[in-house]
Each structure stands twice: as structure tokens, then as C-alpha cells.
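Asker: Protein sequences, first through last, are from chains A and B.
Residue numbers for the first sequence follow the numbering used here, so the first one is 13 and each next one is one higher.
Residue numbers for the second sequence follow the numbering used here, so the first one is 5 and each next one is one higher.
If you're looking for bench data, these hints aren't it; they were derived computationally from the structure.
Cβ atoms here follow ideal geometry from the backbone N, Cα and C, with glycine treated the same way.
Hints may contain errors.
[As the list claims (entries may be wrong)] From the structure, some residues in chain B lie toward chain A, with a derived Cβ separation under 7 Å: (1) 63; (2) 74; (3) 287; (4) 291.
This is what each chain is made of:
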Amino acid sequence: MSRRLLTGNGAAAWGARLARAEYIPAFPITPQTEIIETLAEWIDRGAMAGRLTTLESEHSMITAAAAAAATGVRVFTATSSQGLLYGMEMIYTVAGWRAPFLLVNVSRGLATPITLEPDHTDVLAARDSGFLQIHCATCQEIVDTVLMAYRLAEDPRIRLPAIVNQDGFYLSFTREAVELPEPEAAQRFLPDFDPDAIRFRASSPLSQACAVLGGSSYSYFRYETHLAGLKALEVHDEIAEAFAQEFGRHWPQVEAYRCDDAEIAFCMIGAFATKAREAVDRLREAGVAAGLVRPRLVRPWPAPELRRLLNGKRAVVVVDQNLSMGSGGVLQAELAATLYGQKSAPVLLSFVGALGGRDIAPEEFFEMARLARDSAERGEAPPPRLLYTAQELREMRKLQAVAHAERKELP
Amino acid sequence: MSAETRFGRMKDLPSTHLLGTGTAMCAGCGGLEALHEIYDVLGARSVFVNAAGCMTLLSVYPFTPFRGSWLYTSMASAPAGAQGVRDALDLLRGRGALPPEEDLQVVTLTGDGAAYGMGLSATSSAIERGLDFLYICYDNEGYGNTGQQTSGATPHGARTATAVGGHAGWKKDLFAIWCAHRPAYAATVIGAEPLDLARKIEKAMTLKGPRLILALAPCPTGWGYEPGATVEVGRLAVKTGMFPLKEYENGRVTHTKPLHPRAPVEDYLKLQGRFAHLFEPRRDETALAEIQAAVDRYWEGVA
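Construct all of the structure, not just a fragment, from the sequences and the given hints.
Answerer: Listed below in C-alpha cells is the structure:
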């Protein structure tokens with residue numbers, strides 16, 4: 013193994029290289045662009061075999077990715093935010109082709125207002141598509157997860173495309189020490205893609221993605237895709253075990269940190285969960301039995317594992333880095349559905365935070381923990397809340413005053 | 005007629021069709037007529053990458069009329085699907101994983117709704133990348149599958165479901181748009197002229213790169229005529245000069261069916277319900293003259 017400093021984007025590119033992805037349909041978008049630039053450079057100078065084709069949009073890029081996968085080659089692509097949304101028709105469409113490939117999404121908040129900084133509303137829009145969806149919190153995890161996700165996506169029991177997600181800026185541009193698997197070990201863990209009979213060849217004609225007439229055929233194929241997704245929970249565990257044996261690092265469905273004896277637990281996905289991890293250590297020092305659960309798998313949703321980890325806790329604080337307009341945090345709703353009706357279900361507190369890259373301060377974690385303990389005492393959760401300080405609101409009012417004043421200045 | 009063609013006369017055309025029957029297309033579909041003729045020459049060593057349109061209903065699970073392969077994509081991105089398939093086949097060929105006899109012609113099959121509008125960006129980019137594919141557009145001059153609303157291909161004066169008084173705009177020149185990209189080949193064809201069509205497919209298959217086959221697709225349901233009249237309507241589209249048969253190669257456009265003399269456009273228009281308001285209750289002389297003048301202007305420019 014070689015150890016080097018890599019950004020999240022660099023780690024994603026290395027994952028694709030070690031996975032021997034052969035075809036890379038590409039389209040630039042901040043903060044993802046470094047991934048395709050890195051791959052383009054490697055292919056140009058012969059360090060990596062394959063072809064990178066720049067399409068004119070993400071809609072076309074995802075179509076080309078799936079069409080190539082359906083022809084029988086290993087495909088890697090990447091996007092962010094508006095790009096993912098521009099391609100969303102095809103995200104939903106190609107999952108049903110059962111042609112596995114990998115897309116790294118570098119999360120970035122969605123317009124409006126347009127921004128470059130991260131939250132998860134972009135990738136959660138792909139939640140119901142049929143793509144597997146795995147969230148990473150560190151650069152090491154990105155390299156490892158790319159390799160694992162290929163094996164999972166290509167498993168004959170699954171055959172679904174996968175999204176590996178990382179947070180824009182906070183992870184995409186942060187350098188961390190990463191142990192890179194040796195190419196031979198990566199090859200052992202992830203053999204060449206076997207498309208089996210799903211491929212286009214002159215001697216074996218095939219019709220893919222045909223229309224159906226009527227709800228019966230439609231329901232059948234849709235539910236088959238759903239069942240394949242569910243199956244990925246069990247297959248993920250097999251793959252995580254095999255990965256740990258080869259590389260000594262274990263990546264479970266849900267990362268649980270100091271959770272066993274915790275009375276209150278935070279629940280977060282992605283890189284911001286590392287901030288919660290820090291807060292857990294500080295809270296423990298202060299005598300609070302806090303823990304953290306970080307689902308890596310968002311699709312399939314690891315409901316059994318979350319029940320195992322969270323039943324019996326007094327309270328769970330869900331910090332959603334996304335906003336479902338008119339409802340609230342997506343994770344909170346998912347977790348509520350998972351725990352509802354369980355005998356020893358914890359009280360669930362819902363916070364929406366870190367939208368568009370807004371940081372979460374340690375004090376905010378401490379305050380959320382305090383509220384969690386209060387709620388556990390009362391047996392009732394407070395209403396959902398946005399993490400936003402009075403100071404921020406004052407700054408916002410100043411900006412609004414400037415905007416109004418500037419407009420009045422106009423002739 | 006070039007010396008290399010194996011289609012010297014009507015007798016040389018295949019006597020049986022390769023594409024299966026019993027599809028969901030309407031009786032008298034001019035698009036299907038053209039596709040039958042194209043497929044006979046093209047053959048089954050092909051993969052059709054389809055854009056949303058009438059012909060998406062050719063392959064309805066568990067049936068297909070194609071002896072070769074098929075992939076439905078979306079309305080806007082069929083050329084990108086063709087790019088993915090072609091790139092993958094090239095990669096497999098390149099590393100010896102695909103013997104030459106297993107390789108396929110990659111074909112995009114799209115209606116005018118996608119070709120002239122939603123899919124134009126993906127098409128333009130595929131041409132610019134030099135994608136080696138055949139692009140078949142069956143042009144029935146409206147969003148046919150949804151009941152003939154106005155599309156970018158609708159001709160001036162035609163009544164559509166969204167232009168009940170007749171379309172005020174003019175048909176977009178897709179052939180010229182393709183030629184501006186300097187593709188390997190571009191041709192207009194019509195099922196009613198099968199020999200001309202067969203020669204063009206034959207030629208297109210000898211070339212590599214982006215190749216357009218723009219087939220006017222007379223549409224009984226959308227245009228308002230009896231299904232049995234499809235061939236007659238198609239022939240008149242050519243004879244009146246409304247639909248010039250031509251091809252582009254090496255930077256030059258050649259008309260493959262020069263017209264001396266041309267029949268008046270009225271002969272074509274009066275067969276179709278979509279133009280009936282130009283004749284009844286009284287003749288719209290202005291509109292008829294405009295349409296004739298546009299066709300005259302076009303042919304004056306033809307050397």
C-alpha cells in the first residue's frame with residue numbers, strides 16, 4: 013500500500029483508476045471537475061487505459077454511461093448538484109436498465125439561490141431512483157467505497173448503478189492521508205466486470221429498456237428493481253467483510269461511534285458527521301453518554317441495522333443537511349418511519365443544518381444534546397428547528413438593508 | 005445513379021422485409037414504410053437506440069419486430085446513448101474482447117419532435133464529436149404520438165392540435181443544420197421512392213461518421229388522409245418540390261431527383277385534411293401563394 017495526501021476528488025479519481033473503469037463520459041461542474049480532469053490527464057499520458065468522452069450535458073452523460081454499461085464495459089462518471097438534477101430523468105430511467113456503473117456525486121446545494129457550497133438536497137433527489145446510494149465522510153472512505161460500490165453494483169444478485177456521495181469543498185477539496193490499495197489487491201477484490209448476457213453483440217441480439225403495456229408488467233419490473241436494491245444490504249455485508257480481509261479496513265452499512273452505551277445519539281450522513289464525532293468526544297468528557305450513528309448506505313436504507321443500533325436509546329438527534337420543502341429533513345422522516353412502533357424507540361429530535369455549507373459549531377452540538385436530554389425526560393420532542401443563530405440573522409438583515417439601499421441609489 | 009450500387013432498378017430491391025410485422029404503428033404509417041425499406045438494406049447487425057416517439061412502441065415487452073438489438077433511452081438523449089454504445093464497442097474491439105463479426109452498426113431512431121427540438125443539442129454534439137452512427141429521423145411534421153401538436157418540423161399553414169387555424173411558422177431546415185456540421189453524409193428519403201432510399205442507405209453504410217437519413221413520414225392520422233394514400237401523398241411531396249430528395253457528401257449537396265417540371269404544391273396540399281382550411285370554405289389564395297413561392301425560391305437556388 014502506498015500512502016499519500018489526496019483531496020476527496022483525487023480519492024474518487026484514484027478509486028476509478030484502481031477499479032479499472034474503462035469508459036468515462038464526462039461533463040464539468042464545480043466542485044466535481046477535478047475528478048474528470050485528473051482522469052483525463054491519466055488517460056492522456058497513458059497512466060490509465062480507457063476513453064473519456066465529454067458530452068454536452070449531464071443528461072447525455074448519464075445516458076452514455078448507462079448505454080456503455082449495457083454494452084458491457086465498466087463505466088465511471090461524476091457530477092454535482094445542478095448537473096445531477098439536469099440528468100435526473102436519466103438517473104431514474106437507467107436504474108431500470110440493470111446496467112451497473114458508478115457515479116460520484118460531489119454534493120452542492122441546489123438553486124435557488126445558486127451556490128457552490130454543499131448540502132445533500134441534490135443527491136437525495138436521486139433517493140427514489142433505484143440507484144444504490146452510499147455517503148462518505150473521509151477521503152480514505154471514498155477510495156475504498158468506490159471499489160466496494162463497483163463490486164456491489166455488479167453483483168449478479170443486484171445489477172444496479174450506484175452513487176457514491178461526498179460533500180463539496182469540505183471533502184472534495186480537503187487533503188487527507190489516504191492508503192491507496194495496491195493495483196493487484198484491488199484486482200483481487202474487484203475482478204473485471206462480467207456483463208453476462210446483458211450486452212449488445214451481433215450474434216446475440218437483445219432488446220433493452222422496452223416499453224410495457226399496462227400496470228401489471230410495469231409493477232413487476234419496478235418491484236424487481238426495488239427487491240434488488242433491498243438485497244444489496246445483505247450483499248454489502250459480504251463485500252464489507254471481503255474488503256476488510258483484503259485491506260484491513262471495515263466499512264459497515266452504518267458507522268456507529270461510541271454508541272453501545274450511549275443514551276443520546278446523533279444521526280448524520282457525510283463529512284459533517286465528523287464534526288458530530290468530535291462533539292461526542294467533548295460530551296463524553298463532560299460526562300454525557302453521547303454517540304453517533306452515520307448511515308453510509310442511504311439506498312438501500314439500512315433499517316434493520318438502524319433499529320438494532322437505536323432502539324433503547326433515550327433520544328436521537330437527526331441533523332439533516334437537506335430540506336424537503338414543506339416537510340422538513342429527509343433523514344428524520346426516514347428514521348421516524350424506521351423506528352415508529354418499535355417498543356423501545358427513542359425520542360427523535362429534528363434539526364436542519366449546514367445548508368449550503370453553513371458550518372455547525374461545537375456549541376450547537378452541545379445545545380442539541382442538552383435539548384435531547386430534556387426531551388428524553390419529557391418523552392416528547394420539540395418542533396423541528398433550523399440551525400441558525402441570532403447573530404447570523406442580524407448579518408442577514410444587514411445584507412438586506414444594503415440590497416434595498418443600493419436599489420434606491422439607481423437613477 | 006452511381007456505378008457501385010446494387011440497386012439499379014426496382015427488381016433489385018429485397019422482395020421480403022426483414023423487419024417483423026404486427027407492430028402498434030398506425031395503418032398507412034409512412035415512417036414504418038421507410039423503416040421497413042431502410043432495415044432491409046441495413047440488416048440485423050445493428051443496434052437501434054431509440055428516442056421517445058411513435059416508434060418507441062415498436063418494441064413492447066415481450067415482442068420486437070427487430071432481428072437485431074434495441075435500446076430505448078429518452079426523448080432528448082438518444083444520440084448520447086448511441087455514443088455510449090459505440091464507445092463501448094470500440095473499447096471492446098480495441099482490447100480484443102469483441103471480434104469484428106460481433107460488431108454492430110449503431111443507429112439512432114427518432115421522430116421529428118426529438119430531432120428538431122429536444123434532442124437537437126445531443127445530436128449537434130454527437131456530430132461534432134464525429135460519432136460513427138446512422139441517425140434516422142422519421143419526420144411526420146408534428147408530435148404525432150400525442151395527437152399531432154405543432155413541432156419544429158411542422159410546415160407553414162398546416163393545422164395541428166395546437167394550431168387549429170394553421171401553423172404560422174415555417175418548417176425548420178434540419179438537413180441544412182446537419183450540413184452546417186459537415187457530417188460524413190446526410191440524405192433525405194421517402195418510403196414512396198424506395199430505389200432512391202435504398203441507394204442512399206447503401207451509400208451511408210460505406211461511410212463512417214455521423215450520417216443523417218431524414219425520412220419524410222406521411223401520417224394518415226396526423227395529416228388527415230386515408231391510410232391507402234400514403235404512397236401517393238409521398239410521391240406528391242417529391243413531385244411538387246415540397247420535399248426535395250437530396251444528399252450531402254464532401255461538402256456538396258446533390259439533388260437525387262431533379263424536377264422538370266414541378267407539380268403545383270396544391271396537388272400535395274389538397275389531399276390532406278391538415279391543409280383543408282386553405283381550400284374550404286374558400287381558397288386562401290395568399291397562403292397558397294406563399295407556400296408555392298417558398299418552394300419556387302428553394303428550387304431557383306438549386307443549380
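Asker: Quick check on the hint: residue 287 of chain B CB to chain A CB, less than 7 Å?
Answerer: 43 Å, violated
Asker: With a cut-off of 7 Å on the beta carbons, see whether residue 63 of chain B makes it to chain A.
Answerer: This hint holds: residue 63 of chain B lies near chain A, its Cβ roughly 5 Å from the closest one there, short of 7 Å.
Asker: Residue 74 of chain B was flagged as interface toward chain A. Is the shortest Cβ-Cβ separation under 7 Å?
Answerer: 4 Å, holds
Asker: Does residue 291 of chain B meet its interface restraint, that is, does its C-beta lie within less than 7 Å of any C-beta in chain A?
Answerer: 38 Å, violated
In this structure, the hints that do not hold are numbers 3, 4, in rising order.
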